[in-house]
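Position chains B, C and D relative to chain A; hints supplied.
4 protein chains.
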Amino acid sequence: MTNEIDLQSSNDTRKITIDKVGVKNIRYPIIVDDRTSKSQSTVAELDIFVELLHKHRGTHMSRFIEVLTHFHKENLIAKLPDFLMEVKQALQADSAYTSLRFPYFIEKHAPISEIPSLLAYDCFFEASYQEDYSLTIGVHVPITSLCPCSKEISDYGAHNQRSIVTVKVTIDDFIWIEEIIELVESCASCEIYSLLKRSDEKYVTEKAFNNPRFVEDIVREVTLRLKDDKRIRFFSVESENFESIHSHNAYACVKMRNKK
Amino acid sequence: MTNEIDLQSSNDTRKITIDKVGVKNIRYPIIVDDRTSKSQSTVAELDIFVELLHKHRGTHMSRFIEVLTHFHKENLIAKLPDFLMEVKQALQADSAYTSLRFPYFIEKHAPISEIPSLLAYDCFFEASYQEDYSLTIGVHVPITSLCPCSKEISDYGAHNQRSIVTVKVTIDDFIWIEEIIELVESCASCEIYSLLKRSDEKYVTEKAFNNPRFVEDIVREVTLRLKDDKRIRFFSVESENFESIHSHNAYACVKMRNKK
Amino acid sequence: MTNEIDLQSSNDTRKITIDKVGVKNIRYPIIVDDRTSKSQSTVAELDIFVELLHKHRGTHMSRFIEVLTHFHKENLIAKLPDFLMEVKQALQADSAYTSLRFPYFIEKHAPISEIPSLLAYDCFFEASYQEDYSLTIGVHVPITSLCPCSKEISDYGAHNQRSIVTVKVTIDDFIWIEEIIELVESCASCEIYSLLKRSDEKYVTEKAFNNPRFVEDIVREVTLRLKDDKRIRFFSVESENFESIHSHNAYACVKMRNKK
Amino acid sequence: MTNEIDLQSSNDTRKITIDKVGVKNIRYPIIVDDRTSKSQSTVAELDIFVELLHKHRGTHMSRFIEVLTHFHKENLIAKLPDFLMEVKQALQADSAYTSLRFPYFIEKHAPISEIPSLLAYDCFFEASYQEDYSLTIGVHVPITSLCPCSKEISDYGAHNQRSIVTVKVTIDDFIWIEEIIELVESCASCEIYSLLKRSDEKYVTEKAFNNPRFVEDIVREVTLRLKDDKRIRFFSVESENFESIHSHNAYACVKMRNKK
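Chains as they are written, first to last, in my numbering: chain A, 1 to 260; chain B, 1 to 260; chain C, 1 to 260; chain D, 1 to 260.
Pulled out of the complex, with its shape left as it was, chain A reads as follows:
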């Protein structure tokens, strides 16, 4: 033993419980569920926290990494409840929290040529295990938005741009990332692809022109599709449009709790 005194375990008299304490911005290779090919390898950035009761001076930071190491080579997303339960035990805590951020790749086929290519979607998972387990999943979906006002008032053309739609759902039942992505893409002026040949480019240009959407329209259309989903307890929808005619962004947000 290097030392007898364990400062972290000593008593604390300040009577202040710490809501969350732990490690932040750990990068780690993970395996996640994939609707098409069962699982996929990616790289995540993680935070792992516990609640620290007022009587303890400190937490044992190395144990978070030890627990994470136990889940190396496992499908971490599928095992999140086990992971958090083990964090609670290892840290002797009543509540454990984790959040993960990672790119997730989906093979898409160009709309006319049907040539396949991969597109990255930035996903995030936020899970907590207090008395019960709770899971929130999120995804940033890049889309094309085309301005209805610009189309309406102009003799030709319409400004359009890349937008990022962020959907976050707290769920009571399983839901695929792919479902959220498809739902969002169906509300866009047009969806985005990594690879477009000339015939595809004609298609997406005309499709966007035929489907003008304000930032307000996008979040409302997504809301309409989420508000009746019984698997979802709470959700938020944001759209940020990187306006081609400005250097600031247009933004809209709706947050809603679904009725049981």
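I should point out that these hints are in silico values taken from the structure, not numbers from a laboratory.
Among the clues, some could well be false.
Which copy is meant is left open, so a pair is good if it fits within one copy or across any two.
[Said to hold, decoys possible] In silico DSS-like links for lysine-lysine, alpha-carbon gap of 25 Å or less:
1. Lys108 / Lys38
2. Lys55 / Lys197
3. Lys168 / Lys255
4. Lys38 / Lys73
5. Lys259 / Lys197
6. Lys227 / Lys88
7. Lys197 / Lys227
8. Lys255 / Lys207
9. Lys55 / Lys79
10. Lys255 / Lys88
11. Lys15 / Lys227
12. Lys79 / Lys38
13. Lys79 / Lys207
This structure is a prediction, so every number in the text was calculated from the model and none was measured.
Just chains B, C and D, lined up with the frame of chain A:
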């Protein structure tokens, strides 16, 4: 007139109120209150939003910038309630929101040589005007943290690092950014300076060694100083330590509502 | 005196000259030249370096900040040669270097309504003083680009997006940031504004549609305007288009040395 | 065929060759060489460019993604020359370029407890194929640096911090990323681990205290180890120290061409 149809003002039948809609990431030169020299010029990044009732299809994005332009050369921080009131009127909205992020400079004197230099503190203000006006102010304070465990178990030395302490306070009464900064710095292993001569470097090295603080200690000490401040309705304290012995960070967070 | 030994000044036997050593990412309020209103206040992030000859073990980092402090409240851009000369003297170095990055604000008038608003341009200056003084100035100019191919192949519409054109010029003679910005904006499908009313939005939509530009066209048009400017010794032009139909970017770059 | 006119292939009369044109910031899952386990899966961000001769108006952006798609599931790093050769052919270009940035994970054992954990190293590869193939590999290595001056002048303690050492080598012969990492870590005050138990924390604290290094020392020590390596044609070494006593960073850089 370029066109008769105002799409944004048309009726919307989807029955979805949008919580926040507007412009994001506008950069703008602003003037802010300064306890020492009355005011200081800096550069902010702003978001400005309103609530959009379900019956309206869109908001008029250009009006946000028009209102902002009216406050150019004014002390925007001092006039935030007026600014939001004008946003509400211009957009015919029941609720308006803004958030600003900007660096704020304070002249500090080195602890022994007393040579002055400027240090940047990243500040943020979040204000809303629904029926009432509400203001939250925040600041990221860079400090030195030195690990008590590392000091205790080692025959010499102790790992230390730069940390960022983030304090966010929702206030009922005026409070200076400088007050929050001083309060945080008094809870650190040592405060940070831009310019340190050799005598100063000896002082800060020894002071940090004499004041070891876990990430948990830092947020608890700051909490002790904020929890009895009658001007503060709600606050959060976070500390993120950029560990010199790891490439991930240690983190702790406390959120608390003050009793009236 | 706190200590007799000055480790930085001790001899080094490794025979390795250090190209650049100093301080990085200092934030500082600065004053810069402004063609319209003589000067403007902004906030910069600076790096300041010197060459360190092989015989010296270390440089004295605090002196960089001391010299910077001497130039507080001065027009740092106008005094860059003096600043670097003082760095050389303070550090007893043969070569000194600095780079500054800052937002610069220009009042623009909307094309039809003529309503004024401010637009931020991210600028950077890189200066060195070895035997001679050398200055490179750069600016990131946000513009609208509209794809000629998309316009050509589609029955209506054309994809367009925000692009950032970065111009960097090493100069022998004075040149205004404003000149570079105007030159770049004249090569775009359309320039960008912070505030556009409906009549302006019609104008910029139609103008962009009438001026389709590939990323290649943009850098070539800018190159044509820079290659005969006798004040410019060397330049580079980059354009990065944040494609509205992809989530990756289109990019082109030209670097050129002007003939004397 | 959607359209007869191929604008990109049309003649250009501006007589300006474009140094690099192509796609930027594509994210893609890749497989890379791993000294221990032969290969590892990770996620890269890529740029792919070609030179565009003055006579051609545009390049065909979709072909870059098509070529990348051909190398999906292959070890892209091992096949970089083939990849660039195929880019040249697909784009009918004389020169092709790519750069990749990705996290690379190495299992390290804590110095005393020997508990294994993974550490992420950010790597980058820059390859070009003009007449000949050329490869530059780079890695950002996080380390602990402890200030010799602070140790010398203080009665106890010494400020230390996380530093990032960036090494970039243009090579004539194969070199493992792992070799560069080990070489850099041997020049640090102490190397960094993801998981340290108490006995390990005592070890790294004391080791760093026993090995104080200025930012200048770090780049010189790395330079000494790289300058006699016959596999390396050109290299640069940078160290950026995130000073625990400042909020700016200390920085040093050496660039050198090795003798044949």
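Exercise for review: Could you tell me which of the hints above the structure violates, numbers in ascending order?
Suggested key: As far as the earlier hints go, 5, 6, 7, 8, 9 and 13 are violated by this structure, in ascending order.
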